[in-house]
Amino acid sequence: MDIIAKLKEMKMVGRSGSTYPTGDKWETVKNAKSRKKYVVCNASEGEPGTHKDHYILKNYPDKVIEGMKVALETIEGSTGIIYIKSEFLKEFGEKLKKLIGNLPIVLFEKKGGYLGGEETVICEVIEGKRAEPRTKPPYPCEQGIEGFPTLINNVETFYVIAKIVDGSYRDERFYTISGEVENGGVYEFPCEWTIKKVLEEIEGIPKKDFFVQAGGGAAGEILLANELDKKIEGIGTIIVYEKEKTEAKKLMEKLIDFFLKENCDKCVPCREGAIRIKELLENNNMDKEIWDDLFFSLENTSFCYLGKSIPRAIRGLKEKILDDKN
Amino acid sequence: MIKIDGVDFDIRDNETILEIALRNGIEIPQLCYHPDLEVKANCRICVVEIKGRNDLVTACSTKAVEGMEILTKSDKIARARKINLELIFAQHKEECDDCVWKYDCQLLRLAKKYEVKINRFKDRKSNLPKYIFGKTIDFDSSKCIDCRNCVEMCHKQGVDFLELEEKGNLTSIVPSTNPKKDCVYCGQCITHCPVGAFEGVGEFEDIEKPLMDKEKIVVAQFAPSIRSSLGEEFDLLPGEVVTGKIVAALRKLGFNYVFDTSVGADFTTTEESKEIIERIKENKNLPIMTSCCPAWVKFIEFYFPEFIPNLTTAKSPQIMLGGLIKTYWAKEMKIDPKNVVVVSIMPCVSKKYEIEREEIKSPSPRSGGGLSPLTKGEQDFVKPVDFVLTTRELARLIMKNKIDFKNLPDENLDSAFGEPSGAGVIYGASGGVMESAFRTTYEKLSGEKLSKVEFEMVRGMEGMKKAEVKIGNETKKIAVINGLGNAKKFLGELKNDNYTCIEVMACPGGCIGGGGQPLPSFPYHRQKRAEGLYGIDRKLVNRKAHENPIVKKIYEEFLDKDEEVRRAVLHTSYKKKEKEGN
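Residue numbers (my numbering), protein chains in the order written: chain S, 1 to 326; chain G, 327 to 908.
Careful, some of the hints might be misleading.
[Claimed, not checked] When the alpha-carbon atoms are kept at most 16 Å apart in a straight line, the in silico EDC-like pairs for lysine to aspartate or glutamate are as follows:
| id | chain 1 | residue 1 | chain 2 | residue 2 |
| --- | --- | --- | --- | --- |
| 1 | G | Lys448 | S | Glu282 |
| 2 | G | Lys408 | S | Glu282 |
| 3 | S | Lys136 | G | Glu364 |
Just so you know, the hints here were simulated from the structure itself, not pulled from any lab data.
The following block holds chain S by itself, in its conformation from the complex:
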């Protein structure tokens, strides 16, 4: 099977949440002229609220290795690396090694926190440098680890590849559902489903008024109960909050603390913006102009995805929940 043509035909996008066309990525690395290439499986699962990579590694590790094998075969002269977070290494390391057997794949323990899962950071870390993002372009598929073309795909993406090749793929993706919801857990449902449909399917629509954070526990957006008629943007997570008893400000504080801890302090908007959002919350300063300016700068001028995503949930909480209550 010409897997690249197939991926393009299916309009398959990566399952890390960034929705980059997988076929294009593979093609770039395959066609690059280079004596060395890398295929990296990103098993760093750092987004709060998601457990699907854990679920896949636990239940279908063979599929992940299968998927990597397809990539290694498609991309001539490539070496495989599973970039894996410590907990996963402990839990699945032995099993993965057995499955790898003689394949040219090594396990590399992830360093750094949340940001350690960003693909240019992965390249830096594997090179032994500080866990900080690189300027893009060049993208890792052009110049990745040590400057060599590097294909980086998520655990779930490789799982899907294996299923496409063996004919069992059904256009489904993983959803991790948690929070104040009944029947939470990891599910595999059609990609096309709306958030509402997913919650209905698991009989998880709460009885009291609620809102969700969908698409990642840090980077995901805040959606009210009447806004769920849409597909998830980003990684497949739905975290459910009961509206009445959730203190929006506390949740905002928790989020900004998370970003303050996890950002790399490299660029002005992300480093200083996060500090100032924290300060505004502490001083209970809800001045719209300042908040809007900080969000604007974060969204438009941050160096990487982390900074750009800081406003998403915090702005949602402020405007949809906090301002609404006041």
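Let chain S serve as the given structure and place chain G on it in line with the hints.
Same frame as chain S, now just chain G:
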């Protein structure tokens, strides 16, 4: 072709948007960008819009692509720059009066342009500490905007004394506490900091000190490289030679005598050349390494003490001339050297450190007595130089005294130390010391006159220049290095190479790119400053140190009369250094 604000521009190899803009004089503001450094894109001030893209991109890190349409001005861009500047201002304690950037502060200029409310956010760093490195460099971390230029430059210098420290949720820039890392005082953190968080110690609060004691005879000497850079502080072009104006300004400021350190350089060349010839003959301690750059000397003493025997023991030009002022000249003038204050105007902050070194002290004639016999224990030793002011500090002193520098009529040096040779003047550019040394060494070793005095292969801004010089039947390998990182690399690879002579200057381009030079100090400025010095050399009749009449005279009348005196005034020693603390 790309379009910037509606106008077409060509793209040269692999250029970024910012590079094209800079090349064509289009203004895009930036803070963390420096042509010496990698593009980090940390400050997010150079943001521009690209047609078809929603977010803003940084011009410094975005490669120009055929057909791109770029906007450098829009409401969106102005808003982003304003907010990011406000965030930066809240990291930076303003102390504008005493700032190395005062007359050319980008932050203030941008604040005005983008109507920035500089105190919109509370200053979050006002309580952060000030560090002093070896009494030479000040780092006020309450002014630091975390752009990391200094950390990168310190790393590029092979020093790694400045580092990132993670404390709680914040990463900040701090001097290393590792006992194996120490500052060498090159001052490149100063020239690469966009906001003046670094400065030389005493800059500018102590600049009037040297002239305070009215009882003393105050003698100024000025380094080769400042004659082609000081003008920049007064809106003259980089490289414009202002030697005569410097002399005039120093006299106006109240200095009683004005000499030229380039004459000191002619002495250094003469001594160094003797040492080169001796070591070649004895095949000992080769390659010989220059020692006129105190940051390089400290680098060797701390990081590579195994190379201490390779350093020439000849003192640096300012120390030699200072020593001669307080011995030969004081004696001639019948002045007690204790009543003489020698002030050096240097392109450099490590020169402030150099004058405090115990090893460089000179013998002082005892009251009434001559210099000989010079017996240990009986002799007083004095500092050859009492104060060092940087180029920037001299400029500030001139401004403070409201001297109209630009329109000063040229004046001549005081005659006691004559005029420098061209060799002495080119000391200020990388390769200059080597060229000077070989103009002399070649003639001494071969007994022939040089048909062409220029050694072009050692000139230029390249970090590592390797060459071969044929003297008689022998070919000598030489290397000229600027930038300590290049030196580190060179030393690492040196092992089996039989070099005869190595020149190292800590700063990019040599002293013309020194830590005390006017800001900004970009490759363009360095290039022009070097050209200024070579231009002087080209026009001089006397271009060799050993042919300088004043050098010959002082050797005859003073130095050659007593070997011990010559050694004490012109030579020094080095020792392995431990960390000197902050």
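Hints versus structure:
1. The suggested pairing of Lys448 of chain G with Glu282 of chain S holds, with an alpha-carbon distance near 13 Å, which does not exceed 16 Å.
2. Only pairs whose Cα atoms come within 16 Å are accepted, and Lys408 of chain G paired with Glu282 of chain S is rejected, the gap being roughly 24 Å.
3. For the suggested pair Lys136 of chain S and Glu364 of chain G, the alpha carbons sit about 14 Å apart, so the restraint of at most 16 Å is met.
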